[in-house]
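Asks: Chains as they are written, first to last, in my numbering: chain A, 1 to 220; chain B, 1 to 215.
Errors might be hidden in some of the hints.
[As the list claims (entries may be wrong)] Quick list of in silico lysine to aspartate or glutamate cross-link-like pairs, EDC-like style, CA-CA up to 16 Å: (1) LYS154(B) x GLU85(A); (2) LYS29(B) x GLU85(A); (3) LYS154(B) x ASP92(B); (4) LYS3(A) x GLU97(B); (5) LYS86(B) x GLU85(A); (6) LYS70(A) x ASP92(B).
Source of the hints: derived by calculation from the structure; they are not laboratory data.
Each chain, letter by letter, is given below.
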Amino acid sequence: MIKTILLKELSIYIRNLNSVFLPLIFFFLIISIFPLVLGPDKVLLNKIIPGVIWITAILTTLLISNNFFKEDFNSGIIEIYLTSESSIELILFLRIISCWIFTCLPIIIFIPIVSLLFEIPFSSSIILVFTLLLGTPILISIGLFGSALTLGLSRNNILTPILIIPFYIPVLVFSASAIESVSIGLPYYSQIYILLALLMLILPTMPYLLKYTLEFSINN
Amino acid sequence: MESLKISVNSATCYKNNSVIFSDINISLKNSEIIIIMGSNGCGKTTLIKSISGIQNLDSGEIKLNNKNIATIGSDFKEEIVYVGHKNSLNNDLTTIENLEYLSAFDSTTDISNTANIRNLMKNLNIEKYKNYRVSDISEGNKKKISLMRLLLTKKKIWLLDEPMSYLDDESINMLINIFIEHQKKGGLIFLTTHYDFSKKINACKVYTMKDAELT
Numbered sequence: 001m002i003k004t005i006l007l008k009e010l011s012i013y014i015r016n017l018n019s020v021f022l023p024l025i026f027f028f029l030i031i032s033i034f035p036l037v038l039g040p041d042k043v044l045l046n047k048i049i050p051g052v053i054w055i056t057a058i059l060t061t062l063l064i065s066n067n068f069f070k071e072d073f074n075s076g077i078i079e080i081y082l083t084s085e086s087s088i089e090l091i092l093f094l095r096i097i098s099c100w101i102f103t104c105l106p107i108i109i110f111i112p113i114v115s116l117l118f119e120i121p122f123s124s125s126i127i128l129v130f131t132l133l134l135g136t137p138i139l140i141s142i143g144l145f146g147s148a149l150t151l152g153l154s155r156n157n158i159l160t161p162i163l164i165i166p167f168y169i170p171v172l173v174f175s176a177s178a179i180e181s182v183s184i185g186l187p188y189y190s191q192i193y194i195l196l197a198l199l200m201l202i203l204p205t206m207p208y209l210l211k212y213t214l215e216f217s218i219n220n
Numbered sequence: 001m002e003s004l005k006i007s008v009n010s011a012t013c014y015k016n017n018s019v020i021f022s023d024i025n026i027s028l029k030n031s032e033i034i035i036i037m038g039s040n041g042c043g044k045t046t047l048i049k050s051i052s053g054i055q056n057l058d059s060g061e062i063k064l065n066n067k068n069i070a071t072i073g074s075d076f077k078e079e080i081v082y083v084g085h086k087n088s089l090n091n092d093l094t095t096i097e098n099l100e101y102l103s104a105f106d107s108t109t110d111i112s113n114t115a116n117i118r119n120l121m122k123n124l125n126i127e128k129y130k131n132y133r134v135s136d137i138s139e140g141n142k143k144k145i146s147l148m149r150l151l152l153t154k155k156k157i158w159l160l161d162e163p164m165s166y167l168d169d170e171s172i173n174m175l176i177n178i179f180i181e182h183q184k185k186g187g188l189i190f191l192t193t194h195y196d197f198s199k200k201i202n203a204c205k206v207y208t209m210k211d212a213e214l215t
């Protein structure tokens, strides 16, 4: 069953390459706006760009996750999940993972190029990639939770971000702090461990939360 | 043959402070078919969703062999197939891929036998859409694809929400024959429809839902 679901997710993303490339293009567009607005001040840009990358990652995950369950809800596949004898938690876990692989991983792969463009030091760049690798699965999971929560509402485009952005703050704080620490030569392990702990907490519990949220949304 | 009995005991459901149905009592045994009829919006879909465990009841209970379905959970889900009035197909996948995907949620479905699948599709006149993307197929044919799950599964309890919508007369007759076959094998069918076909089938109970009650 796991293989079938992953293969189908793969073919859905391959047939909808839009959903893979558009977040990537969006990400680069937003990042390239900052030098235009702030001017070519190298010292300033160098200082703020890791933060900018993180904020852009948040915006991108919000867009990706906003209407994630809408199509499934409209087509009725969520009812099939709920009446299926297979573990719905496992199905949802696989869907979170494949969503992350096809939308966030491409962005993270291109981070070294962004680092070169903005001349981010190598050590900061490595930590930036590392925090994104640990942080974006958390962002996607929370985003999908928001998407499931507002499923029954017809106009939820702004509501979902308002509901979930507060939950993004811990991830943002610890990632920014890790990047800041490495740039001034302080130890950064504790922040990375906290991010890892958050990931380990959220990833296994989120499918259960999602299941109850979807049941709740369908019931109301 | 495994004996199965579903009973709905004084089921009541509210939505947005208005009563959808109240004090519903019905039961269904092997080789029986229950047809729920009624006007649009009378609560047929909510009732069938409650029986399939998607919708929670406000009071009353649904039992399978005298065990509450809320407590037996996946044991109940192992016995039922639910086909909703939405077709539950993914528009980006082809017909075959959709059937493969749906079969992942049902352990009794075997779709490795391609000759059998081709035959079933031929009978339903959808063979030529085998490798079409579902977004390019008409609503009636989509309905047939989602109903094909019934032919592939070995589960006994079928819960169908308006299975006849979008279908032409020929397909409806075909579907009725499928129901009769299932009945012969001891299957249970619970369905909502606007088309009364009870005269064509034995052991078939027809209820009409009106003003939140079944008559």
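Asks: Given the hinted pair LYS154(B) and GLU85(A), is their alpha-carbon gap at most 16 Å?
Replies: holds (13 Å)
Asks: Just to be careful, I want the Cα atoms of LYS3(A) and GLU97(B) compared with a cutoff of 16 Å; is the pair within it?
Replies: The given pair, whose Cα atoms are some 13 Å apart, holds under the 16 Å limit.
Asks: Please verify whether LYS29(B) and GLU85(A) have alpha carbons no more than 16 Å apart.
Replies: violated (21 Å)
Asks: Going straight from one Cα to the other, do LYS86(B) and GLU85(A) come out at no more than 16 Å?
Replies: Measuring from Cα to Cα gives roughly 20 Å; hence the hint is violated.
Asks: Straight-line Cα separation of LYS70(A) and ASP92(B) no greater than 16 Å?
Replies: holds (15 Å)
Asks: Tell me if the straight-line CA distance from LYS154(B) to ASP92(B) falls inside 16 Å.
Replies: violated (27 Å)
In the structure shown, a violation is registered for the earlier hints numbered 2, 3, 5, in ascending order.
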